[in-house]
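Q: Sequence:
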Amino acid sequence: MNQLQEDMDILYRRYYKDVLQYCLSMNGNNIALAEDITQNTFFKAIVKANSFRGDCQVRTWLFRIARNDYISFLRKDKHINRSEAMQYALEQVEDFDAAPHVKVENKESLNEILQALNTLEEPYGEVFRLKTILNKDYKEIADLYGKTQSWARVTYYRAKQKIIERISD
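Under our numbering, the first residue of the sequence shown carries the number 99, and numbering increases by one thereafter.
Just so you know, the hints here were simulated from the structure itself, not pulled from any lab data.
Every value quoted in this text rests on a predicted model; they were computed, and no experiment measured them.
Some hints could be false.
What the hints assert, rightly or not - What follows is a set of in silico ranges between Cβ atoms, one per label pair, in the way DEER data are often shown:
hint, residue 1, residue 2, range
1, Glu-133, Arg-256, 44 to 52 Å
2, Thr-217, Lys-245, 16 to 24 Å
3, Ile-169, Gln-259, 18 to 26 Å
4, Glu-219, Asp-116, 20 to 28 Å
As the list claims (entries may be wrong) - Listed below are the simulated SDA-like cross-link pairs for lysine to any residue, each with C-alpha atoms no more than 20 Å apart in a straight line:
hint, residue 1, residue 2
5, Lys-146, Glu-210
6, Lys-245, Ile-169
7, Lys-142, Asp-107
8, Lys-245, Ile-262
Cβ coordinates follow ideal geometry from the N, Cα and C atoms, glycine included.
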C-alpha cells in the first residue's frame with residue numbers, strides 16, 4: 099500500500115463513525131442514505147484532498163462535505179420526510195430508565211419540540227440539531243458554517259427562543 103492509501107485508510111477509520119453519526123442526525127432513520135452520504139464524503143475527501151487548507155479540524159472539513167452532499171441530495175429528492183427523520187433522532191435521546199409516566203411526558207415534550215424545530219428556517223434548525231443532538235461545541239458549529247463562535251452561540255440561542263415561542267403558542 100502506498101502512503102496516500104495508508105493516510106486515507108487512517109482517516110477513514112478515525113472519522114467514519116463521527117461522519118456517519120452526523121449524517122444520521124441530518125436524516126434520522128434512513129441508515130442507507132446516511133451510509134451513502136458517508137461513503138460519498140470520504141470519496142470526495144480523497145478527490146479534494148489538495149483543497150484542504152488546514153484552517154479547521156479534519157472532522158469539521160468532513161462534516162462540511164457531508165452537509166453539502168446531503169443538501170444536494172435534498173434538492174434532488176423532495177419527498178424526504180424530515181419530520182420522521184427528526185422523530186427518530188429525538189427518540190434516541192429518550193431516558194430509558196425513567197418511570198413510564200415520565201417517558202410519556204418526555205415523548206410528548208419531544209414531539210412538541212420536534213414540531214417546532216421542523217418549522218424553523220435555516221440555519222436555526224441545523225444549528226439546534228448540531229448542538230443538541232450531536233453535542234457539537236460552538237467552535238465546531240462555527241467552523242461548519244465558516245462563521246464565528248459568537249455567531250454559533252447567538253444562532254443557537256435564537257433557535258431555542260423560536261422553539262420556546264412556538265411551543266408556548
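Q: If a hint holds in the structure, say so; if it doesn't, say that too.
A: Evaluation of the provided hints:
1. Roughly 33 Å separates the CB atoms of Glu-133 and Arg-256, a value that falls outside the hinted 44 to 52 Å.
2. A beta carbon spacing of about 23 Å between Thr-217 and Lys-245 agrees with the range 16 to 24 Å that was offered as a hint.
3. Remark: the range hint 18 to 26 Å for Ile-169 to Gln-259 is upheld by a beta-carbon distance near 25 Å.
4. The hinted window of 20 to 28 Å between Glu-219 and Asp-116 holds, with their beta carbons roughly 27 Å apart.
5. Among the hinted pairs, Lys-146 with Glu-210 is inconsistent with the structure: their alpha-carbon atoms are about 41 Å apart, more than 20 Å.
6. Proximity of Lys-245 to Ile-169 is assessed by CA-CA distance (about 19 Å); at most 20 Å being required, the pair is judged to hold.
7. Restraint check for Lys-142 and Asp-107: the C-alpha separation of about 14 Å stays at or below 20 Å, so the hint holds.
8. Our distance criterion of 20 Å between C-alpha atoms is broken by Lys-245 and Ile-262, whose separation comes to about 25 Å.
Violated hints for the displayed structure, listed by number in ascending order: 1, 5 and 8.
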